[in-house]
Amino acid sequence: MAAPMPDATLATPAPPALPSLVNARRLRTQRLGRGLRLWVPAGVLILLLAICFLLPLVVTLPSSTNGDIIYNNEPPFSPGHWLGTNVQGVDIFSQLVYGGQVAFEVGVAVTLIGFAIGGTIGVVAGYFGGWVDAVLSRVLDILIAFPALVLALVIAEGLGPSEFHVILALSVFGIPAIGRITRGATLAMRGLPYMTAARLSGTRAWRVIARHILPNILPGIVTFSLLGIGVVIILEGALDFLGYGIPAPTASWGNMIANGQQVLTAQPEYVLIPSIALLVTVVALNTLGDALRERWGVQ
Amino acid sequence: MVLAPHIQFQGDSGARDRARRITGSPALRVVGRRLLAAIPVLIGVTFVTFAVMSALPNDTAQAILGLHASPSAVAALNHTLGLDQPFWQRYWHWLVNVLHGNLGTTVEGSSVNHELAIHVPTTLGLLLYALVVSVVLAIIVATLAARRPNGIVDRLSLVVSMLGLSTAPYVFAFLLIIVFAVKLNWFPVLSGPVTGPGSFFKNLTLPACAIGFGLFAIYTRLLRADIVEQMQREDYIVTAKAKGVAPWRVLTRHALRNSMFNLITVIGLNLGGLVGAAAIIETIFQVQGIGNDLLTGIANHDAPLVEGITLIFALVTVLGNLLADLAYAALDPRIRYGRSNA
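From first to last, the protein sequence lines are chains A and B. Just so you know, my numbering puts the end of the first sequence at 299, numbered straight through with nothing missing. Just so you know, my numbering puts the end of the second sequence at 342, numbered straight through with nothing missing.
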């Protein structure tokens with residue numbers, strides 16, 4: 001128990017309420033704004049994923065590869081084809097849905113491979129330092145100085161076009177980028193006192209990495225890889241567009257843009273529709289990445 | 001003045017001092033170290049290119065002789081071209097030739113040096129055009145945006161730069177073609193050869209915009225964030241404001257100047273990535289540059305041509321990083337003195 005207070009202190013009237021330094025309404029708006037910045041792009045992404053992966057399971061969509069030539073060049077909002085059909089009579093909405101599946105699959109797969117290989121290289125180089133770091137950093141330097149597009153195109157040219165080869169080719173781009181980031185983040189962790197403490201107390205290297213480094217660098221890497229998925233989706237479209245991506249009859253946004261290019265002046269909507277899908281997806285990924293970065297305080 | 005007799009007295013030690021000052025110059029030491037570090041990177045890049053190019057089906061001789069050539073003729077040509085040797089041996093030959101300034105011969109029979117001499121200036125002009133315009137615009141927009149964070153200009157610039165970051169360059173290229181070439185007819189759909197300043201702007205403006213929009217977005221975001229941070233955190237801003245320097249002057253002369261360093265670094269680091277963008281945009285507009293050459297080279301399995309172009313790209317990347325570091329050290333005295341004391 002604390003010593004009893006003198007009566008005088010107890011009797012002092014409460015001081016008049018200070019004018020609040022924080023404007024409650026502004027604070028609420030700010031909090032709302034921050035919530036919206038996170039949940040609007042997240043909602044858009046969830047919606048896009050649902051359309052691409054769940055909708056075809058529920059509704060029978062027209063084929064995305066074969067069309068009826070009688071119903072070709074149908075304008076948007078025509079019966080049965082609400083985004084219309086292309087020159088070959090293939091339903092554009094179906095192409096958009098199945099092309100979206102390809103885009104998300106490639107984006108996520110490339111980022112996961114980048115995580116697994118680039119992340120490992122980065123953490124090992126950053127944690128162990130010395131000649132390990134020198135060798136691994138040089139390898140990353142070479143991959144970065146290497147025009148990734150060249151390697152991607154050569155891989156696609158040599159192995160032939162397929163979704164798996166596109167993933168391989170784009171990993172060449174993802175691995176060094178994620179490797180660089182994780183190495184930098186690990187280096188920044190290494191000097192911190194709790195790391196020294198962990199090492200002094202005899203914790204094994206893999207345990208320090210798993211328990212102390214990974215949880216701390218993860219937010220940064222996750223936000224970075226959200227931005228990365230956007231870049232990968234754009235590059236996947238570029239490979240398709242150049243004819244080194246997803247092979248022809250399969251729908252993909254890049255293929256749609258490339259095919260639409262031939263009738264660009266007559267029917268610009270064939271290029272515009274997949275372009276808008278691409279833009280919305282990448283904007284959602286980028287704004288979500290920004291919002292998470294703001295929330296987690298990642299540089 | 002006072003020191004003059006002292007130096008005279010020391011005789012030739014002045015020259016030694018000067019020599020030490022040059023070899024001890026931190027900038028030169030950085031240049032030397034970075035150039036040395038660049039050598040293994042360049043060798044690695046060209047070696048990897050060589051390895052992957054030789055993993056492609058070897059049909060160079062068949063391509064030259066045509067589909068109906070006899071297998072023995074193909075084998076004979078392979079032998080004269082040296083294509084039957086193991087690839088590390090060919091790499092060595094290639095490396096020795098490159099050090100003598102000879103980049104080899106393309107599949108079509110012309111010299112790679114000649115091919116590059118014609119097409120490098122076009123690509124260089126295109127990239128410089130895109131770079132200069134996007135940097136200048138980014139500086140103007142970022143400064144206006146940072147003048148009042150969360151103001152109307154700032155919000156607009158955030159939206160535009162988010163769009164720029166998220167738009168695929170090839171998509172933006174089509175948008176430009178639809179609007180400015182087809183509807184307004186200001187520029188040609190396909191770029192013709194560049195002969196003078198007039199045709200340079202006529203043919204390369206749309207491709208440069210397609211490449212530059214993304215760059216503009218990155219630079220604007222970066223510079224705006226940096227200026228805002230300088231304005232909020234740095235003591236010299238408080239000092240300048242307290243002295244009664246006009247707000248506009250504080251922004252441009254104090255904050256912007258100090259924010260330029262990061263921008264310069266990012267520009268230098270980005271140079272390598274520009275090349276990939278150039279390859280795609282050049283094919284869309286049919287610009288006769290090395291990006292276009294690269295794609296034909298890969299399609300034709302033209303190893304010497306692809307090698308030569310990759311070497312140029314890698315050189316640009318390495319030099320870009322080096323220049324970024326040097327510019328940083330040259331412009332920011334804090335870094336310069338920090339290094340020389342260390």
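Hints in this document: simulated from the structure, not taken from any laboratory. Heads up, a few of these hints could be off.
As the list claims (entries may be wrong) - Not everything, but these chain B residues come out facing chain A in the computed CB check (under 7 Å):
id	residue
1	V41
2	L56
3	F174
4	L222
5	G276
6	T310
7	L311
8	F313
9	A314
10	V318
Claimed, not checked - Distance ranges between label pairs, derived from CB positions:
id	chain 1	residue 1	chain 2	residue 2	range
11	B	A51	A	S63	40 to 48 Å
12	B	V182	A	L47	31 to 39 Å
13	A	G202	B	T296	46 to 54 Å
14	A	G184	B	Q89	32 to 40 Å
15	B	A225	A	L47	37 to 45 Å
16	A	R207	B	G244	27 to 35 Å
17	B	G109	A	L159	22 to 30 Å
18	B	T296	A	L47	36 to 44 Å
19	B	I140	A	N23	28 to 36 Å
20	A	I51	B	A75	39 to 47 Å
21	B	A75	A	W206	31 to 39 Å
These numbers were taken from a predicted model, which means no experiment stands behind them. Glycine is no exception: its CB is placed at the ideal position from the N, C-alpha and C atoms.
Quick rundown of the hints versus the structure:
1. With 7 Å as the threshold, the beta carbon of B/V41 comes within range of chain A, its nearest partner Cβ sitting at about 5 Å, so the hint holds.
2. The restraint placing B/L56 at the interface with chain A holds, with a minimum CB-CB distance near 5 Å, inside the 7 Å limit.
3. Here the hint on B/F174 is kept, as its CB sits about 5 Å from the closest CB of chain A, short of 7 Å.
4. Evaluation of the B/L222 hint against chain A yields a violated restraint, the C-beta minimum of about 12 Å exceeding 7 Å.
5. Satisfaction of the interface hint for B/G276 is found here, the shortest Cβ-Cβ separation to chain A being roughly 4 Å, below the 7 Å cut-off.
6. For the restraint placing B/T310 at the interface with chain A, the shortest Cβ-Cβ distance is roughly 6 Å, inside the 7 Å limit, so the hint holds.
7. Annotation: interface hint on B/L311 violated; nearest CB of chain A at approximately 11 Å, more than 7 Å.
8. Given hint, B/F313 at the interface with chain A, holds; its Cβ is 5 Å from that chain's nearest Cβ, closer than 7 Å.
9. About 5 Å separates the beta-carbon of B/A314 from the nearest beta-carbon of chain A, less than 7 Å, and the hint is met.
10. Of the supplied interface hints, the one on B/V318 holds, with its beta-carbon coming within about 6 Å of a beta-carbon of chain A, less than 7 Å.
11. The beta-carbon spacing between B/A51 and A/S63, approximately 41 Å, falls within the hinted interval of 40 to 48 Å.
12. At roughly 33 Å, the beta-carbon separation of B/V182 and A/L47 lies within the given 31 to 39 Å, and the hint holds.
13. Taking the beta carbon of each, A/G202 and B/T296 are about 60 Å apart, not inside 46 to 54 Å as hinted.
14. With their beta carbons about 39 Å apart, A/G184 and B/Q89 fall inside the hinted range of 32 to 40 Å.
15. Restraint check, B/A225 to A/L47: a C-beta distance of roughly 30 Å breaks the suggested window 37 to 45 Å.
16. For A/R207 paired with B/G244, a C-beta distance near 58 Å fails the hint of 27 to 35 Å.
17. Our hint of 22 to 30 Å for B/G109 and A/L159 holds, since their Cβ atoms are close to 28 Å apart.
18. B/T296 and A/L47 have their C-beta atoms about 41 Å apart, which keeps the hinted 36 to 44 Å range intact.
19. Our hint of 28 to 36 Å for B/I140 and A/N23 holds, since their Cβ atoms are close to 33 Å apart.
20. In this structure the hint that A/I51 and B/A75 lie 39 to 47 Å apart at CB is violated, the actual value being about 56 Å.
21. Roughly 54 Å separates the CB atoms of B/A75 and A/W206, a value that falls outside the hinted 31 to 39 Å.
When the structure is compared with the earlier hints, violations turn up for hints 4, 7, 13, 15, 16, 20, 21 and for no others.
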